[in-house]
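Asker: Sequence:
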Amino acid sequence: MELYTAAQMREIDRRAIEERGIPSTQLMENAARALADAVLARALPPEGPRGNAPSAVVYCGPGNNGGDGVAAARLLLEAGWRVKCVLVGDRAKMTPDCREMERRLNAAGGTLEDFDPEDEEAYLGFDAAVDAMFGVGLNSPLRPDAQRAAEWMGLTRWVAAADVPSGVHADTGDILGEGWCAAVRADVTVTFSRGKPGLYVGRGAVHSGEVIVADIGIPEDLYPENEYRNAVVEPGEILLPRRARDSHKGDYGRLFILAGSRGYTGAAALCAKAAVRSGAGLVTLAVPEDVYPIVASKCCDEVMVWPWPEDDGAVVDKARGCGAAVIGPGLGQGERGARLVLTLMKELDCPIILDADGLNIISRHIDVLDERRGQTILTPHDGEFARLSGCELPIRDRLGAAWGFAQAHRCTLVLKGHRTITALPYWGRFINLTGNPGMARGGSGDALAGLVGALAVQGVPRPLAAVWIHGRAGDLAAEDKGEYGMTPSDLIEQIPYAIKELVNNEEESG
Numbered sequence: 094m095e096l097y098t099a100a101q102m103r104e105i106d107r108r109a110i111e112e113r114g115i116p117s118t119q120l121m122e123n124a125a126r127a128l129a130d131a132v133l134a135r136a137l138p139p140e141g142p143r144g145n146a147p148s149a150v151v152y153c154g155p156g157n158n159g160g161d162g163v164a165a166a167r168l169l170l171e172a173g174w175r176v177k178c179v180l181v182g183d184r185a186k187m188t189p190d191c192r193e194m195e196r197r198l199n200a201a202g203g204t205l206e207d208f209d210p211e212d213e214e215a216y217l218g219f220d221a222a223v224d225a226m227f228g229v230g231l232n233s234p235l236r237p238d239a240q241r242a243a244e245w246m247g248l249t250r251w252v253a254a255a256d257v258p259s260g261v262h263a264d265t266g267d268i269l270g271e272g273w274c275a276a277v278r279a280d281v282t283v284t285f286s287r288g289k290p291g292l293y294v295g296r297g298a299v300h301s302g303e304v305i306v307a308d309i310g311i312p313e314d315l316y317p318e319n320e321y322r323n324a325v326v327e328p329g330e331i332l333l334p335r336r337a338r339d340s341h342k343g344d345y346g347r348l349f350i351l352a353g354s355r356g357y358t359g360a361a362a363l364c365a366k367a368a369v370r371s372g373a374g375l376v377t378l379a380v381p382e383d384v385y386p387i388v389a390s391k392c393c394d395e396v397m398v399w400p401w402p403e404d405d406g407a408v409v410d411k412a413r414g415c416g417a418a419v420i421g422p423g424l425g426q427g428e429r430g431a432r433l434v435l436t437l438m439k440e441l442d443c444p445i446i447l448d449a450d451g452l453n454i455i456s457r458h459i460d461v462l463d464e465r466r467g468q469t470i471l472t473p474h475d476g477e478f479a480r481l482s483g484c485e486l487p488i489r490d491r492l493g494a495a496w497g498f499a500q501a502h503r504c505t506l507v508l509k510g511h512r513t514i515t516a517l518p519y520w521g522r523f524i525n526l527t528g529n530p531g532m533a534r535g536g537s538g539d540a541l542a543g544l545v546g547a548l549a550v551q552g553v554p555r556p557l558a559a560v561w562i563h564g565r566a567g568d569l570a571a572e573d574k575g576e577y578g579m580t581p582s583d584l585i586e587q588i589p590y591a592i593k594e595l596v597n598n599e600e601e602s603g
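Plus 93 on top of the position in the sequence shown (first one is 1) and you've got this note's numbering.
Hints may be right or wrong, so weigh each one.
Claimed, not checked - 25 Å max Cα-Cα, derived PhoX-like pairs, lysine-lysine:
1) LYS574 x LYS391
2) LYS593 x LYS574
3) LYS186 x LYS342
To be verified - Restraint-style ranges between C-beta atoms, simulated for each label pair:
4) VAL299 x THR436: 54 to 62 Å
5) GLU303 x ALA533: 16 to 24 Å
6) GLU395 x LEU248: 15 to 23 Å
7) ASP442 x ASN319: 29 to 37 Å
8) ARG236 x PRO142: 51 to 59 Å
These aren't lab readings, by the way, just hints derived from the structure by calculation.
Note that this is a predicted model, so its numbers are computed, not measured.
Cβ coordinates follow ideal geometry from the N, Cα and C atoms, glycine included.
Assemble the whole structure, with the sequences as input and the hints as a guide.
Answerer: Okay, structure coming up:
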């Protein structure tokens, strides 16, 4: 699903109105209908409304987002709801379309009241609240009256937001202020025409709840084709190579993994197990000789555990015989490990996946990353990315930061976390929606590194499929064991079933 920025959407709206002659009030009515339909379909609890008729309080700003809310209030009123519609802002700043929707609301028997930030009792006790204060246009913290409205929406059982929850930056997902009521937290966000990046990344992804993308009647040809894609990863776009009936293990690639050290043998084993479960034909796990017995006992029989010799050249030769290399899980930052990381980065032409200590080592030698000839895939979490890039934590614009780093250093960046971002230079940036909090534990990232490497040697150089499969396997593990009790090993056991889903989807779609 393609995503569009606030500036792009404003231009698309302008062209629809000025060049195609679509009345702006018609677009507003279409948006309001989608918003009202979401409330009617989802707002009421199983036990029904709190009173004789269901009720909603609709908070509207003076702009066109507020006009969407005023029109939705009228539609709910006409559907038999008890509706309180309030203006949060300066009445003198109401747009012409917002005023027209107020006129239609009055004609239907409703009223657009002025918001009273001191009268808490007047705004509580409703079955639902609707946030239509600002939408995509906001780029500064909420004013005190809007913060008070956001606070009271937080005390309402169910909340819908129009286009973008007020207080959320539409492009970055950043919260434009501080405190728990700095932004509306919605159960459902009905966004108009196309998805906005801020609904899917950062804290905006949490505040948006379920996102519904509603068609409001803008012609398809008005949406520009971006130079670089900005999209949510959808399983229908992920294609895995079909396996030939007469194939053999050599057809599915050889993966080299350099990992493990004293105290961190589990990371190496998890990475290798994930690679095996992801279909790699042959997996070689190179580890320090002093931890070889421990790692060998941890690994499944399908992994070839190899104690690396003292000769760095032998390690390079071993890696050169493979189609990709994963470097870093549990490796530590000792002198020998650091030297091997830099040597392999310089000597190998195949794709290299850097994870964990591989990232920490290369963060001190960015010049080696910049000079590398082959494809390099980096898989940092936010802390590792901060060391790589020098940015501050928390990262307020994860999408922009990932894209900027990938472009500057000509590498593929997989920025792990809630809604993992994959930035591919010369192609685009992609947001993954699979995954859950149960994956937030040591070892999950090691599994991802192995998965990325395994698919790379099978002819899938872009890690979008690996990231989606990793998150989906985590979701399946959570369904089975729960988010508290699931482990990275449980996730790895679910990788085949996540891949099976993708393959089945491909076959069903022809």
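Asker: It remains to establish, for every hint, whether it holds in the given structure.
Answerer: Tested hints:
{"no.": "1", "hint": "LYS574 x LYS391", "in the structure": "holds (22 Å)"}
{"no.": "2", "hint": "LYS593 x LYS574", "in the structure": "holds (20 Å)"}
{"no.": "3", "hint": "LYS186 x LYS342", "in the structure": "violated (69 Å)"}
{"no.": "4", "hint": "VAL299 x THR436: 54 to 62 Å", "in the structure": "violated (42 Å)"}
{"no.": "5", "hint": "GLU303 x ALA533: 16 to 24 Å", "in the structure": "holds (22 Å)"}
{"no.": "6", "hint": "GLU395 x LEU248: 15 to 23 Å", "in the structure": "violated (55 Å)"}
{"no.": "7", "hint": "ASP442 x ASN319: 29 to 37 Å", "in the structure": "holds (31 Å)"}
{"no.": "8", "hint": "ARG236 x PRO142: 51 to 59 Å", "in the structure": "violated (32 Å)"}
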